[in-house]
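Letter by letter, the chains look like this.
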Amino acid sequence: MVCDHCGKNEAVIHWTQIVDNKMSTFHLCEPCAADKGLEPGTGSASFPLTDFLAQMGKESGVEHVSPNGPCAFCGLSLDDFKKAGRVGCSHCYVSFEAHLRGLLRRLHGSTQHLGKVYLPPDPTENERQERIAGLRRKLDKAVACEDFERAAQIRDQIRALEGIA
Amino acid sequence: MLDLTALSDFGLGWLEASGPNSDIVLSTRVRLARNLQGLSFTSRCRPAERAQVYERLSEAVESGNSLTGGVALDLTNLNRLSRQVLLERHLISREMAGDGSEAPAPGAGLFLGPKEVVGVMVNEEDHLRLQALLSGLRLQEAYSLVDQLDEELGAQLPFAYHPEFGYLTSCPTNVGTGLRASVLVHLPGLVLTKEIGKVLQGIGQVGLTFRGLYGEGSEVVGNFFQISNQTTLGKSEEDLVDHLNRIVQQVITYEMQARSVLMRDAPAVIEDKIWRAYGLLRYARSLSFEEVMNLLSGVRLGVSMKLLPGLRVYTLNKIMIYTQAAHLEQAAGRPLTESDSDLHRAAYVRRILATEGSVSEDREALDENGRG
Numbered sequence: 654m655v656c657d658h659c660g661k662n663e664a665v666i667h668w669t670q671i672v673d674n675k676m677s678t679f680h681l682c683e684p685c686a687a688d689k690g691l692e693p694g695t696g697s698a699s700f701p702l703t704d705f706l707a708q709m710g711k712e713s714g715v716e717h718v719s720p721n722g723p724c725a726f727c728g729l730s731l732d733d734f735k736k737a738g739r740v741g742c743s744h745c746y747v748s749f750e751a752h753l754r755g756l757l758r759r760l761h762g763s764t765q766h767l768g769k770v771y772l773p774p775d776p777t778e779n780e781r782q783e784r785i786a787g788l789r790r791k792l793d794k795a796v797a798c799e800d801f802e803r804a805a806q807i808r809d810q811i812r813a814l815e816g817i818a
Numbered sequence: 007m008l009d010l011t012a013l014s015d016f017g018l019g020w021l022e023a024s025g026p027n028s029d030i031v032l033s034t035r036v037r038l039a040r041n042l043q044g045l046s047f048t049s050r051c052r053p054a055e056r057a058q059v060y061e062r063l064s065e066a067v068e069s070g071n072s073l074t075g076g077v078a079l080d081l082t083n084l085n086r087l088s089r090q091v092l093l094e095r096h097l098i099s100r101e102m103a104g105d106g107s108e109a110p111a112p113g114a115g116l117f118l119g120p121k122e123v124v125g126v127m128v129n130e131e132d133h134l135r136l137q138a139l140l141s142g143l144r145l146q147e148a149y150s151l152v153d154q155l156d157e158e159l160g161a162q163l164p165f166a167y168h169p170e171f172g173y174l175t176s177c178p179t180n181v182g183t184g185l186r187a188s189v190l191v192h193l194p195g196l197v198l199t200k201e202i203g204k205v206l207q208g209i210g211q212v213g214l215t216f217r218g219l220y221g222e223g224s225e226v227v228g229n230f231f232q233i234s235n236q237t238t239l240g241k242s243e244e245d246l247v248d249h250l251n252r253i254v255q256q257v258i259t260y261e262m263q264a265r266s267v268l269m270r271d272a273p274a275v276i277e278d279k280i281w282r283a284y285g286l287l288r289y290a291r292s293l294s295f296e297e298v299m300n301l302l303s304g305v306r307l308g309v310s311m312k313l314l315p316g317l318r319v320y321t322l323n324k325i326m327i328y329t330q331a332a333h334l335e336q337a338a339g340r341p342l343t344e345s346d347s348d349l350h351r352a353a354y355v356r357r358i359l360a361t362e363g364s365v366s367e368d369r370e371a372l373d374e375n376g377r378g
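Protein chains in written order, with the working numbering: chain A, 654 to 818; chain B, 7 to 378.
Just chain A, same shape as in the assembly (with noise of 0.2 Å):
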């Protein structure tokens, strides 16, 4: 197999990208691997793999999504993360959420925290409402594993936080 990016030499690293459900392979020459600063054997820190995809995405034809604008709250663009792998700041989420969420999904296989519920200092009566609702799912789940020591201490914190109201 010839390198997809020379079209000379023979292929010896073959790498295959996952974008949007679609699946792109690609077969790589020492030389051009190497140009891409992708080695073998080479540790994943200096790996410019974003870049890497980034560019034979382009070269290949394969749809380049338009960047949103700038995260607003801290100027970090989708191409900023893309190239990363982490976002600037709470707001990122809210910015680049189609983005995020099918990354999610992908990582996670799941968007959705099901973990507990926060209650933040100074809360809401909606958040404490959640709270409270965050905490009988632990209880169901505390009660169903018969952890009763468990299940005793979130009914306590239960009627904590339905005594403040």
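Hint data in this document are derived by calculation from the structure and do not stem from the laboratory.
Note that the structure is a prediction, hence the values are computed from the model and not measured.
Please note that a few of the clues may not be correct.
Example chain B residues on the side facing chain A (calculated, C-beta under 7 Å, incomplete) [said to hold, decoys possible]:
(1) PRO164
(2) ALA166
(3) PHE171
(4) SER242
Pairwise CB distance ranges, derived in the manner of DEER restraints [as the list claims (entries may be wrong)]:
(5) ARG754/A with ASP278/B: 55 to 65 Å
(6) GLU783/A with GLU108/B: 24 to 34 Å
(7) GLY738/A with GLY218/B: 19 to 29 Å
(8) ASN779/A with GLU22/B: 31 to 41 Å
(9) LYS312/B with PHE801/A: 32 to 42 Å
(10) MET269/B with ASP793/A: 27 to 37 Å
(11) ARG789/A with ASP29/B: 37 to 47 Å
If you want the footprint, here are the derived chain B segments under chain A, 3+ residues with CB under 8 Å [to be verified]:
(12) 46–53
(13) 176–188
(14) 226–240
Note that the Cβ used here is the ideal one computed from N, Cα and C, for glycine as well.
Given chain A, work out where chain B should sit, using these hints.
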């Protein structure tokens, strides 16, 4: 500059080898990633904002929570060697320790509670990384400790939270619960019987992942594997912790089975391997860290299988920590070249085995009688 030598075994409670299965499970860690609302995440914070994160945690600790009465370390006040020592004790991450002479970014800190079991890394990838670190396999206990700290801090400081996505983090792989539970297990039986590949593959199939001794991106040394949950969203904290616990119990069972097979099929080879490892550690004059880790793996197997009476897991845990490069430099009080370091390492191991690890020969005599 703060001098950490005053705190000789600072933050090393998890070495005590006291928890369940502590001959196979070195330690249990549960961490929660949290960020303060209204500030950019650490990588996009200005220096003043990073300092603000440290200050706000400091104030919360002063007004009373599980960390009150413990230690607060501003990493920018520590020299390179002290930061490396903290890294080698698994108390801060590689990013926080900084490499070479590069000083850590402003606001980088470590808070440890009075019992040093719970702590917070400040201005790592997330503003706050709450963690509990215990000896042996104690996942529920570790979660319950870090959960309590989270409840206290969350009532004092506003955390970034989204009704659908849960706790928001810098890296989308941590979103939701922000929980990463990990267990450091010693699996020489599975490595020697070449079953380890299958086990690690199985771990991947049930939503868990494994890493080396120092976490993400690190090599597996001395047959130590760090097993942890891969996903953080879509399951409750209890479910994530219980799932990991069940799988680790299963891995321990496989490891015990592998050890039985080894002792059934090749007892002489295994005993020889264990005693050779002990002999080298006890008498060698120069040892690299990797060599120590590999020999310790054999000796740990021997202690766990009661083939080396008189030697304690705690002693082996101590050797593992104190023979790392920064710990040796700190003890020597001067920089060491690699070959100097190998000499100091071997001297330390000889000394500690002579005082704490003299193995009684009774068992050997018994074996000879038994076989004769």
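Hint check results:
Taking 7 Å as the C-beta contact cut-off toward chain A, the hint placing PRO164/B at the interface holds, the least distance being around 5 Å. Hint status for ALA166/B: holds, given a least beta-carbon distance of 4 Å to chain A, under 7 Å. A cut of 7 Å between beta carbons decides the hint on PHE171/B: the least distance to chain A is about 6 Å, and the hint holds. Below 7 Å, beta-carbon pairs count as interface contacts, and SER242/B has one with chain A at about 5 Å; its hint therefore holds.
The hint said 55 to 65 Å for the Cβ distance between ARG754/A and ASP278/B, and at roughly 58 Å that hint holds. Here the CB-CB span from GLU783/A to GLU108/B is close to 44 Å, at odds with the stated 24 to 34 Å. Taking 19 to 29 Å as the suggested C-beta distance range, the pair GLY738/A and GLY218/B conforms, at roughly 21 Å. Under the hint 31 to 41 Å, the C-beta atoms of ASN779/A and GLU22/B, about 46 Å apart, miss the expected range.
For the pair LYS312/B and PHE801/A, the supplied restraint of 32 to 42 Å holds, since their beta-carbon distance comes to about 38 Å. Checked against the given bound of 27 to 37 Å, the beta carbons of MET269/B and ASP793/A, roughly 46 Å apart, lie outside it. Look at ARG789/A against ASP29/B: about 41 Å separates their beta carbons, and that is inside 37 to 47 Å. Coverage of the stretch 46–53 of chain B by chain A holds in this model, with 4 residues showing a Cβ closer than 8 Å to a Cβ of that chain against a need of three.
Beta-carbon proximity to chain A at under 8 Å applies to 8 residues in the stretch 176–188 of chain B; the threshold of 3 is reached and the given coverage holds. For the stretch 226–240 of chain B, the stated coverage by chain A is satisfied: 4 residues place a CB nearer than 8 Å to a CB of that chain, which reaches the threshold of 3.
The structure fails to meet hints 6, 8 and 10 from the earlier list, while all remaining hints are met.
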